[in-house]
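Undergrad: In order, the protein sequence lines correspond to chains A and B. What the first sequence shows, in numbering that gives the first Met the number 0, is residues 0 to 442, in sequence order. What the second sequence shows, in numbering that gives the first Met the number 0, is residues 0 to 1016, in sequence order.
Simulated from the structure, these hints should not be mistaken for lab results. Hints may be right or wrong, so weigh each one.
Said to hold, decoys possible - Derived contacts from chain A toward chain B, CB cut-off under 10 angstroms, selection only:
1. Phe215
2. Lys217
3. Ser281
4. Lys344
5. Glu436
Claimed, not checked - So the derived list for chain B, only partly shown, Cβ under 8 angstroms to chain A, looks like this:
6. Val90
7. Asp92
8. Arg867
9. Ala874
10. Tyr875
11. Asn920
12. Val923
13. Lys949
14. Val956
Every residue, glycine too, gets a C-beta built ideally from N, C-alpha and C.
Spelled out from the first residue to the last, the chains are:
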Amino acid sequence: MKKVGNHNSNSRKMFLSLAMMLAFSFSSFAQDAAPAAPTEAAPAAATAGGDPVKGKALFNSNCAACHKLDAKSTGPALRGIADKHDAEWLYKWIHNSSDMIKSGDPVAVKLFEENNKSVMTAFPQLSNEDIDNIIAYTSEPKAEPAAGAATGAATPPGTNVGGGSSNNVILGVLALVLVVLVVMLIMVNNVLTKVAKANGIEVAPKAERTPIWKAFVKNQFLVLVTSIFLLLASGYFVYGFLMQVGVDQDYAPIQPIHYSHKIHAGDNEINCKYCHSAARVSKSAGIPSLNVCMNCHKNISEVAETTATPEYSKAFYDAQIQKLYDAVGWDKTTQSYTGKTKPVKWVRIHNLPDFVYFNHSQHVTVGGIECQTCHGPVETYEIQKQFAPLTMGWCIDCHRKTDVKMEGNGYYTKIHEELSKKYGVEKLTEAQMGGLECGKCHY
Amino acid sequence: MSSNKKYWKSVEELENGSIVEALRNNEFVEEIPTDEFLGNTDAMSSSSTSRRDFLKYVGFSTAAATLAACEGPVNKTIPYVLQPEQIIPGVADYYATSVFDGFDFANLLVKTREGRPIKIDNNTISGAKFAANARVHASILSLYDNMRLKAPKLESKDSSWSAVDARIKSSIAEAKAAGSQVVLLTNTLASPSTEKLIADFIAANPNAKHVIYDAVSSSQALDAFEAVYGERALVDYDFSKASLIVSVGADFLGDWQGGGYDAGYAQGRIPKNGKMSRHFQLEANMTLSGAAADKRLPMSVSNQKQALVHIYNIITGSAVAVNLAPEFKAEVTKAAQQLKAAGSKGLLVSGIQDKNAQLLVLAINQVLASEAFTTVGTRQIRKGSDEKVAQLLKDMKAGSVHTLIMSGVNPVYTLADSASFVEGLKKVKTSVALSLKEDETASITTIAAPVPHYLEAWGDLVLTKGTYSLTQPTIRPLFETKQFQDVLMSLNGLTGTYYDYLKAYSSSFIAGSSWNKVLHDGVFVGAPQAASGGTADYASAANELAKSKAGAGLELVLYTKTGMGDGQQANNPWLQEFPDPITRVSWDNYLTVSNADAKTIGLSNEIVANGGLNGSYATITTADGTKLENVPVIVQPGQAVGTVGLALGYGRKAALKEEMQVGINAYALYKGFNDVQAIELVKAGGEHEFACVQGQKTLMGRGDIIKETTLEIFNTKDSKIWNETPKVSLDHKEVEATSVDLWESFDRSVGHHFNLSIDLNACTGCGACVIACHAENNVPVVGKSEVRRSRDMHWLRIDRYYSSESTFEGDNERKEGIAGLSSSLSTFNEMEKAGDNPQVAFQPVMCQHCNHAPCETVCPVAATSHGRQGQNHMAYNRCVGTRYCANNCPYKVRRFNWFLYNKNSEFDYHMNDDLGRMVLNPDVNVRSRGVMEKCSMCIQMTQATILNAKKEGREVVDGEFQTACSSACSSGAMIFGDVNDKASKVAALAADERSYHLLEHVGTKPNVVYHVKVRNT
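My request is simple: use the sequences and hints to build the entire structure.
TA: What follows is the structure, encoded as C-alpha cells:
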C-alpha cells in the first residue's frame, strides 16, 4: 500500500520554501563572491622554465596535504607564490625552512608567525627543477568557473521540485491533447447533425427509458452485492490506512545541514562505521559528533568541481561545509577553533518507540549484518531517508528468515550444538534461538 | 393531608436558619465578581473582539490543532560537538567512589549513562568492605533533588560565591582582630585532607576551633574506647568470626555505630557442616537484629544495663550486686554462660548510651579474647563529642562566638535544644551554613552556601584505619556549588583546586600504589594498624552501672529507621515510600507501643473498611515538660513492656516538597544526646491514617510459606521431615505436588535458565534490594494515599511475619491441633494476632517467574508470556489493563498503574520534574496508566550480559548474571544465575536440600527458590 505520508507532503512544502530561500540567498552569495575571485591570471614571470603538468603531480603528492592553491589551509595559499618570493628564497625555504627561521630571515620569521608557528616539513629531496615545476603549476591562472555552475547555483536545488515540474509539463501536454480531442469530437458531431438536417433525415427521438440508477435501486441483488463490495473495499482501505499510522517509511526530512551520504559513503567510500562508530559497541549507532567530521573537513573546506551536480552546485555544497564550520566553531582563515560552538539539531529519521529495545551492536558486531540490510542503499542517498518500515512484522520477518552467524563465536558453541540436534538443522534462525519472545525486545 | 412538621438537614438549619438560607441561595460562598468584567458596557462595546471574531479564532485554532495532530512528532537529535573520549551514547560507564555523609558510608560503583549517574552498585573489589544500604542506594535520587540549594545566598538574598567568600574572609579577619571565636561545626569528616585543611586553618587562626557534631551520637562508645585505647574511634567488629553473639540493645543490622555488619553476620548464619552462629538479642524496640535473633529477650534499657552487669559478673567472675528483674535472670544467665563457653568465638556488643556500659563491653570482649572484637582497623566514622557541642551552645548563647561555619550539619533540626541554638545563632556575627539544601539551619544563617552532592565532589575517606578510599565526581556540578574543602582552601590562602590538593596529599596514604590505580579501584588497603591495648577500671564501671535506676513512667527509646536514618534525605520519595521492614509502614514515623501498654493506655490499631491501617494518637510528655502532641501509635509485637519507640529523622519541613513533610520530629526529645528518655504517655483524640503495605501479621500456621526448622532437627533429621514437599491427590493416591503437571513443559535444557535463590537465613530484611529495584526499573512513587489504598508499585516487597505463639513451630502445631469448625474459627481468629514476643521472619517476594504461570493463561491479549530463559515476560504496549493476571497470581506480585505517574502534577515526585527524571534508566520502559507491571527478573541486565559475552565471543561466566536485587544484596541472601550451567552457584543452591518453592502445592513451578530458615535455638 502506498504510504499516505504527511511527513512527505509537508516536507515537500518545506523543501520548496527552503529551496526558494536558498535560491535567493545563493544568487546573492554568487554576486558577492564574484568580484572577490581572482580573475586576472598572474603571468608567470621568473619561472617560465617549469613544466606545470609535472608540477601538478609533485604538488599533489608533496604539498596538497597542507597547502591549497587558492585557500589557506594549514599553510598559506600557493597560487602566485612566485610573485611574493623569489625563486632562490623559495628553494631555500622548501629545502629547510626551520633553518631559515632560526637564522632570523625576517620574511621567514614573519611567515612562521602568520601560520600559527607550524613548522613546514623540509623537502631536501626536491631538486630545484622540481620546485620550478611546482612554481610553474602554482603560477597558472585560475580556471574560470564553468558558466553552468553559476546558473546552477541560481536554480532551486530540490530533487522533488525538478521531478515535479517535468511531470507537470507532460501532464499539461496530455490534458491539452485531450481537450483538443473533445472539442474536435463535439465539432464533428455538430457538423454531422447539420449535414443530416440539411439532407432532411430525421433523427428519431430516443425512447424514454428508466434511468439506470432507478433500475439499479430496483434490483435488490445488485444493491446487496454492491454494498457488500463497498463495505469490503472500505474495510480494506480503512485497515490499510490504520496499518500505516505511525509508519514513516521513506521519511526524508530536511536537515539543518544538507549532508549527502552519496558523496561520503558512495563516492568516497567511507565506511559507515567510521562515522557511526558507536554502532559497533552501543545500542544506538549514534550521530557522529562534529569533531569526527572535522577529522577530514579540517582539510576539506570545499568540494571538488566534479562533485557538483546539476541539482546541487559546488557553491551549495561549500555552503554546507561552512555550516559545519559555524557549528563546530572553526575559523577557516586562521585555521583555528574559535570556541564558539553551536550544536547541530538534526531531525531524527528513525524513531523507534520507547517500548522497543533495539541494540545496534547486537546486529552489527555479533550478527555481522550489513548496515544496508535495514537502512537501504545509503551510499546512493543524496538525502537520507527511512528505508525500512520499522514495524514489528518487519523485525519478526527477518528474525524468522535470517540464519544467526554463529561460527567462531565461543558463546554459541554449546547452544548451537544442542539446538541443531534439537531441530535437526545445521543453520539456526533467530526464531529458533528464541528471538521471537516478547521480552527479548519489550521491557 | 398536609403536615406542619419541619424537617431539617442539620442542627445549624434548625437553630440558625439565615446561614443555611444564604448558602442555599448562593451556589458560591463568595460573590462572583461578574460586574467587574461584564458590568462595564463601554469597555464591552469598545472591545475589538466581537462574538463572531471569537468564534472564528476558536474555529481556526481548533482546525489548526487538528491538522497539527495529524503530523507525526518531529524529534530532534543533537550530537556532541566534541564527544568526550570515554562517553559512547548507549554504553554505561562505571566509576568507583565512596560515600560518607556523616551517617552512612559505603564503597560504591556508580553507573553512569551519557554522563549522568543513574544507579548505585556495590564496589566488589577486594578491600571495599562496606556495601550500600537502602539509603545509600537511594542517595542517587537526592543528587537530582529539585529542592537543592542552587546558588549561594547572603542574608536570604541571592548572591554570588565571590561576595560570599569575601564576607566570610572579612568576618574571620574581624574575629581575629577582636580575639573572639571562630568555630567550624561539622559532621564527622573521616577525611584526612579535610582534617589537614582544618588543622592548617586553626594554626593560622588560633582563635578558631573545630567542633564535631554527629546528629545521632555514639559519643559514649567513643569515650569508652578512647579511655581504654587512647583513640577516639569505634571497633570494627568481624561478626563472621563469632559463633555466639550476645547483643545488649545493639541493632547492629540496623544503624548501630554506623551499621554495615550484615555481610559478616550473614556469613555465620548460613548453616555449614551442621554449624551456624547463635544470636541472643536483649532489646526494647523490635529491630532488624532482634528479628534475626535466635533468642530475643524484650526488656527495657534499664533492665539491659543490669543484664550487662550480670553478664559481666559471669564472664569475669566478679560479684557486682545486680538488680535484674527475676523474669530475665534465667535467660540472661544462660546467654552469659554460653558466651563464656564460646570463649574467643563469642562476642558481646551493646548499644546502651552509657560510658560505663560501653566500658563493660570492652572488658567482656577482652576477657573472652573475642576474635570478632579487634582493635585493628578501627572505624573512623563517628567522632562527635556531646560535651563539645554542649559547650559550643553555651559559648554561642554567651555571645563569644563571632563566626560560625557549619558543614554537613543541621543543628536547628537535629538538636533537642534547637531553640537555644537559634537564640545563640542570633548572637553570632556571621553564620555560614554549607549545605545541600536550604534546610532549617541554612534558612536562618547569614550565608547559605550550596555544596555539591557527593556524586559531584572530590574527597578522600579513611573509613577504617589503614584503608583509604577516594570519592570522585560522576557528573559535572549541577548547580553553583563549591565544596567545603575549596572554601577552606581559599580561607587558608591556597590557590589551585581541591582536586590538585587532594592528589598531592593522597600520596602519603597510598604508598606502593598510584593515584590512578586507587581512583580506579576506589579503595586502597594499607598496612593494618592496631590501637594499642589498654585497660580501665572496669569494676567501678560495673558498680556504677549496676546502681542505675529506671526512671518513672515509660521508657522512650529513640531509634533510626531503615528508610530514613538521621533524616538527611527526607526529600527522597524512594525512601519515604520505602516500607519499614518491621512495621511495613511507609511515609510516617510513629510511636511503637507494646500490646500490654496499649491496652492500659487505651491505644489501638485497626484495619478499616478500605483496607487501610488506622491508629490512635498519643501525647508524649518528658520529665522536663517537653510535649509532643498527636504522635501516631503502632502497636508493635515484641516491644518490651514499659518501653515505647520513636524514630528520629522525620518531621522536617524546610526544603521539602509538601508530600514529604510527614511525621513527627523526635529530635526534640533527644535530650542530652540520650536515646532513652523517661516519658508520660496519654491517649489523644482522633485517628491517624497510616500507609501500611501489609495488614496480615501472622502466617496462621501456614508453615509452607516460610519453612522453618531448628538447627538440631536440621542436623539430625532427613530433609523430608523439615522440608516436606506438599502432597496432592492424583487418581485418589497421595503424590508429591511437584510431580503433577497440568501443562506440557517447555524444553528449557538449551541456553540459559535463570533462577534466583533467596536464603531466608541470610536475609536480614535491610531493604537495599527494594531501593535498588526502584532505581534499576524506573518503579514509580505513588504517594501516601495510594499506598494506603494498596496501590504501591514496589516490584519487590519484603514480607514480614510474626509468630502468634512464641515460635512459628508453635503456630504450626496449634493449627494441626484444631478440631471441628467452631474451634477452627476461634483459633484462627486468635492466630491472626501476633504474639507478645514473637519470632520474626522476612521473605522477599517478587514475581516468581513460574514455569507454569497462572497469569499467562488468563491474559486475553497475550501480553504476558513465558521466555525460554525462565523469565515471565510482560509486554507493556500490548497490555490492555484487564488486571485478570493480577487476580490469578497466587503471589500477588503484579502491580497495576492506576495513574500516569510521570509528568503528572498529581504525583509531584521525582518523575514530575526534569531534574528528577534524569535518574531514569534509559534501558527500561517508563510505564503508563492502565498497564500492568511486575518484576522482569531484570531482563535488561541478563540480556546485556549475554550480549557482552557474544561480543567477546565467550561463554557467560558464573556470577556475571545479576539482577538489581541480587547485586544489591550484601548479605549474600540473594544469588542469581543460570541453572543450566551445572557448575554455577545457583544450580547448587536450587538443588540444595534446604530449597523449596513458595506455595509449592499450587504447581506453578517458580524460578525463584527459597531456602528453609534454620534457627539455632
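Undergrad: For each hint, tell me whether it holds in the structure or not.
TA: A quick look at each hint next to the structure:
no. : hint   : result
1   : Phe215 : 36 angstroms, violated
2   : Lys217 : 42 angstroms, violated
3   : Ser281 : 3 angstroms, holds
4   : Lys344 : 5 angstroms, holds
5   : Glu436 : 5 angstroms, holds
6   : Val90  : 5 angstroms, holds
7   : Asp92  : 12 angstroms, violated
8   : Arg867 : 5 angstroms, holds
9   : Ala874 : 4 angstroms, holds
10  : Tyr875 : 6 angstroms, holds
11  : Asn920 : 11 angstroms, violated
12  : Val923 : 6 angstroms, holds
13  : Lys949 : 4 angstroms, holds
14  : Val956 : 11 angstroms, violated
Checked against the numbered hints above, the structure violates hints 1, 2, 7, 11 and 14; every other hint is satisfied.
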